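**Student:** Keeping their order, the protein sequence lines are chains A and B.
So in the numbering used here, spot 23 of the first sequence is number 23, and the numbers just go up one at a time.
So in the numbering used here, spot 108 of the second sequence is number 108, and the numbers just go up one at a time.
Treat the hints as calculated values from the structure; they're not laboratory data.
Since the model is a prediction, treat every value here as computed from it, not as a measurement.
One or more hints might be untrue.
Claimed, not checked - Label-pair distances were calculated between CB atoms; the ranges are:
hint	chain 1	residue 1	chain 2	residue 2	range
1	B	A204	A	G40	38 to 48 Å
2	A	G125	B	G77	42 to 52 Å
3	A	R33	B	E150	23 to 33 Å
For every residue, glycine included, the Cβ atom is placed at its ideal position computed from N, Cα and C.
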Amino acid sequence: MKTGYYAALLDVVGAIDNWRIWGVFGWEDIRQRYRRSVLGPFWLTLSTAILIGTIGFVFANLFGQSLEEFFPNLAAGLIVWTFIRQVIESATGVFTSQERVIKQINLPLTTHVLRMIWQNLIILGHNAVILVVIWFWFGLWPGVAILQVVPGLVLLVLNGVWVVWLVAIICTRFRDVVPIISSVMQMLFYFTPILWLPAMMIDRGVGFIVDYNPMAHLLALVRMPLLGQVVPFASWAVGIGLLVVGTPLAWYAMGRLRHRIAFWL
Amino acid sequence: MTALAEYTPYQVAANSAVRPRIVLRDMTIDYPIYSSQGRSLKKRVLSTATGGQIGRDASDRVIVRGLDGVTLTIEAGERVGLIGHNGAGKTTLLRALCGVYAPSGGIAEITGRATSLIDLSLGIEDEATGYENIRLRGLMMGLTKDQIDELTPSIEEFTELGPYLSVPVRTYSSGMRLRLAFTVSTAVSPEILLMDEWLSVGDAAFREKAESRLKEVVDRSGILVIASHNLGLIEKLCTRAIWLDHGRVQSDGGVQDVVESWQQHYADRTTV
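Modelling step: build the complete structure from the supplied sequences, incorporating the hints.
**Tutor:** Right, dumping it as structure tokens:
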């Protein structure tokens, strides 16, 4: 394995070039899990749907919200959040779970990162079926605003790549960061408007936990188009800003440490 | 893409005519060994905060020198046997040759695609059928779908697994699994083939076939590096032997000479 920043760049280029490998294995990871089941990956959709239904019923009543307003927000929020959480939590084990491959095949390490992200995108696609049902049910059609979902998702995934690389490097080296990451994600889940509507916090004068929460903005990039809303400029700015700050950071870590990962496994 | 001059795609080129070559110059590989304490961030933070004594305790990073100043050149067509006691650095050397381990010191120049058969069961999915596994493993090795389709009939024939290729691999015996893995791994002649330990590939008849296939692969102007404790096998298969001892090259040369000096060494040690 070559060392240095240029090699880190080649690692990413090589992984993109290897799209067939992660493309197939991303699917394979899911097929593997559901191989002898009838519903297959739609079990994921079903369990997400049950979760959304339960939370939606309880919390809408708890907050005295109308289902029409609360439910679509919750569904879109939870589906996108599930993607974000799964990607970051899987990042902790993206190299340790592939130890045997990494120690035997000199594949660009970004291949494993893309495989995991791709796998979660496929799951996101399965969960999106729920949204279609909700659009029908409540008669809410997102209209042209849905087109924003393309740049929104691209921005989310690009941010995902650098976050995954950083988390993966840290967690492969320091094994007890793994539970810290899942605690942080749990915390962010409550801080981010998923179970509650932003308006509820603004009414209570704590709107800053929406405005200054980068996760809320990243979530909004995909959620708002799905609900037919226009993504505010601030969220695009945060998404691009995070990418501009995070990518060099991850590249620095890769350049310094990528070649040591095989020894840490 | 001119900026990416050094970029070599992972995909196997249809007819690459690279003459494989391995040049190691004073290559050293250090492993950091992390204890459960060494892996903990908390310990590390504590150690920098308090310094001194806990620092010594917490930074109990043991460094093992897996390979120590290895210098050697292997040219196309050579079949090299690696011998040495357990932990002498054989597997580490193979991992360095396939590019998985970066040298901590010195230079490793490896020209040609290396395929390692260190762990044969790698990438074999239990629930997938034999055919699916051929596809998966082929992809993992950098083959395109077309190349895999083209190779499948010959793989079918060589494994002699027949209808079993259509059922999930979990129903296979271990010998059948090895047949499948070995055949797929050697289906494309890699320019450099790295093997750890002779794989007892199935029954005697298949082993015979496997050996001749290996020779064939190497004859197609490749390099074979095989680590084994089976001296008879190395004598039969290799043109050159390297005896590793504590990460250093103890002896390098003709198979007969190296094997003899190694046996001599062992005999001396056991009589003392």
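**Student:** Please go over all the hints and tell whether each is borne out by the structure.
**Tutor:** Hints versus structure:
no. : hint                         : in the structure
1   : A204(B) / G40(A): 38 to 48 Å : 43 Å, holds
2   : G125(A) / G77(B): 42 to 52 Å : 50 Å, holds
3   : R33(A) / E150(B): 23 to 33 Å : 31 Å, holds
The structure is consistent with each of the numbered hints, conforming to all of them.
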